[in-house]
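J.: Protein chains in written order, with the working numbering: chain A, 472 to 504; chain B, 3 to 95.
It cannot be assumed that every hint is accurate.
Stated by the list, open to error - Here are some, though not all, of the chain B residues that point toward chain A, as calculated from beta-carbon distances under 8 Å:
id: 1; residue: SER37
id: 2; residue: PHE38
id: 3; residue: LYS40
id: 4; residue: VAL44
id: 5; residue: LEU50
id: 6; residue: HIS54
id: 7; residue: PRO55
id: 8; residue: ALA59
id: 9; residue: ALA73
id: 10; residue: LEU81
id: 11; residue: ARG85
Claimed, not checked - No farther apart than 20 Å at their CA atoms in a straight line, the calculated lysine to aspartate or glutamate pairs in the DMTMM-like style are these:
id: 12; chain 1: B; residue 1: LYS40; chain 2: B; residue 2: ASP14
id: 13; chain 1: B; residue 1: LYS40; chain 2: B; residue 2: GLU22
id: 14; chain 1: B; residue 1: LYS40; chain 2: B; residue 2: ASP8
id: 15; chain 1: B; residue 1: LYS40; chain 2: A; residue 2: GLU494
id: 16; chain 1: B; residue 1: LYS40; chain 2: A; residue 2: GLU493
id: 17; chain 1: B; residue 1: LYS40; chain 2: B; residue 2: GLU70
To be verified - Not close to chain A: a few residues of chain B, all C-beta gaps over 10 Å, as computed:
id: 18; residue: GLN12
id: 19; residue: PRO21
id: 20; residue: ALA80
Honestly, the hints are just simulated from the structure, not real lab data.
All of these numbers come straight from a predicted model, not from anything done at the bench.
Glycine included, C-beta positions come from ideal geometry on N, C-alpha and C.
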Amino acid sequence: MPEHDEEVLSTDELSTDELLVEEVSIDGMCGVY
Amino acid sequence: MTFDLDLPWQVDPRVSMRPEPFGALLYHFGTRRLSFLKNQRVLAVVRLLADHPSARAACAAAGVAEAELPAYARALAALAESRMITERTVVCP
Numbered sequence: 472m473p474e475h476d477e478e479v480l481s482t483d484e485l486s487t488d489e490l491l492v493e494e495v496s497i498d499g500m501c502g503v504y
Numbered sequence: 003m004t005f006d007l008d009l010p011w012q013v014d015p016r017v018s019m020r021p022e023p024f025g026a027l028l029y030h031f032g033t034r035r036l037s038f039l040k041n042q043r044v045l046a047v048v049r050l051l052a053d054h055p056s057a058r059a060a061c062a063a064a065g066v067a068e069a070e071l072p073a074y075a076r077a078l079a080a081l082a083e084s085r086m087i088t089e090r091t092v093v094c095p
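Isolated chain A (complex conformation):
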């Protein structure tokens, strides 16, 4: 009977992709030249 292989899956891979998008508004820059 084959041994039960344990497969280790990384769940941390997505943590590096948390910031795929960053947003800012430039409304507060009105009048700044």
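Following the hints, complete the assembly by docking chain B onto the known chain A.
T.: This is chain B only, laid out in the frame that chain A set:
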């Protein structure tokens, strides 16, 4: 916001996209908002949206792995929330 990966999406026509070494800078002329795409793959996904029948297909074409889809769906949801991308109307011939 929940993002439907199976709908067709496109970059809003009022958005200007400037490629950068880190990814790209998006500026929306209507909302005056800026978005930074933080890597080349998410830029590829955004660019491919208009050419594919769904965001899921665009992700696949850009090489996004199944395990990475939730992160990309969150990124696309953020872009949809800020109106950088909009749902595309499919016109049947």
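J.: Each hint: holds or not?
T.: Going through the hints against the structure:
1. Of the supplied interface hints, the one on SER37 (chain B) holds, with its beta-carbon coming within about 5 Å of a beta-carbon of chain A, less than 8 Å.
2. Residue-level restraint check for PHE38 (chain B) holds (minimum Cβ-Cβ distance to chain A is 4 Å; threshold 8 Å).
3. For LYS40 (chain B), the suggested interface contact is upheld, since its CB lies about 5 Å from the closest CB of chain A, less than 8 Å.
4. The beta carbon of VAL44 (chain B) comes within 5 Å of a beta carbon in chain A, closer than 8 Å, and the hint placing it at the interface holds.
5. Hint status for LEU50 (chain B) relative to chain A: violated, with the closest Cβ pair at about 15 Å, above 8 Å.
6. Against a cut-off of 8 Å between C-beta atoms, the interface hint on HIS54 (chain B) is violated, since the closest Cβ of chain A lies about 18 Å away.
7. Below 8 Å, beta-carbon pairs count as interface contacts, and PRO55 (chain B) has none with chain A, the closest being about 22 Å; its hint is therefore violated.
8. Because the beta carbon of ALA59 (chain B) sits about 18 Å from the nearest beta carbon in chain A, more than 8 Å, this interface hint is broken.
9. Because the beta carbon of ALA73 (chain B) sits about 4 Å from the nearest beta carbon in chain A, less than 8 Å, this interface hint is met.
10. Because the beta carbon of LEU81 (chain B) sits about 6 Å from the nearest beta carbon in chain A, less than 8 Å, this interface hint is met.
11. For ARG85 (chain B), the shortest C-beta to C-beta distance to chain A is roughly 11 Å, which exceeds 8 Å, and the interface hint is violated.
12. Taken as a hint, the LYS40 (chain B) and ASP14 (chain B) pair is honoured in the structure, with Cα atoms around 19 Å apart against an allowance of 20 Å.
13. A C-alpha spacing of about 9 Å is found between LYS40 (chain B) and GLU22 (chain B), which places the hinted pair at or below 20 Å, so the restraint holds.
14. Between LYS40 (chain B) and ASP8 (chain B) the CA atoms are separated by roughly 23 Å; this puts the pair beyond 20 Å, and the hint is violated.
15. Of the supplied pair hints, the one linking LYS40 (chain B) and GLU494 (chain A) holds, its CA atoms being roughly 11 Å apart against a limit of 20 Å.
16. Restraint check for LYS40 (chain B) and GLU493 (chain A): the C-alpha separation of about 8 Å stays at or below 20 Å, so the hint holds.
17. Note on LYS40 (chain B) and GLU70 (chain B): the hinted pairing holds, with a Cα-Cα distance of about 15 Å set against a maximum of 20 Å.
18. Every C-beta of chain A lies more than 10 Å from that of GLN12 (chain B), the closest at about 17 Å, which supports listing it as non-interface.
19. With a least beta-carbon separation of about 15 Å from chain A, PRO21 (chain B) lies farther than 10 Å from that chain, consistent with its non-interface assignment.
20. At the 10 Å boundary, the C-beta of ALA80 (chain B) falls inside the reach of chain A, the nearest C-beta of that chain being 5 Å off.
In terms of the numbered hints stated before, the structure departs from hints 5, 6, 7, 8, 11, 14, 20, listed from lowest to highest.
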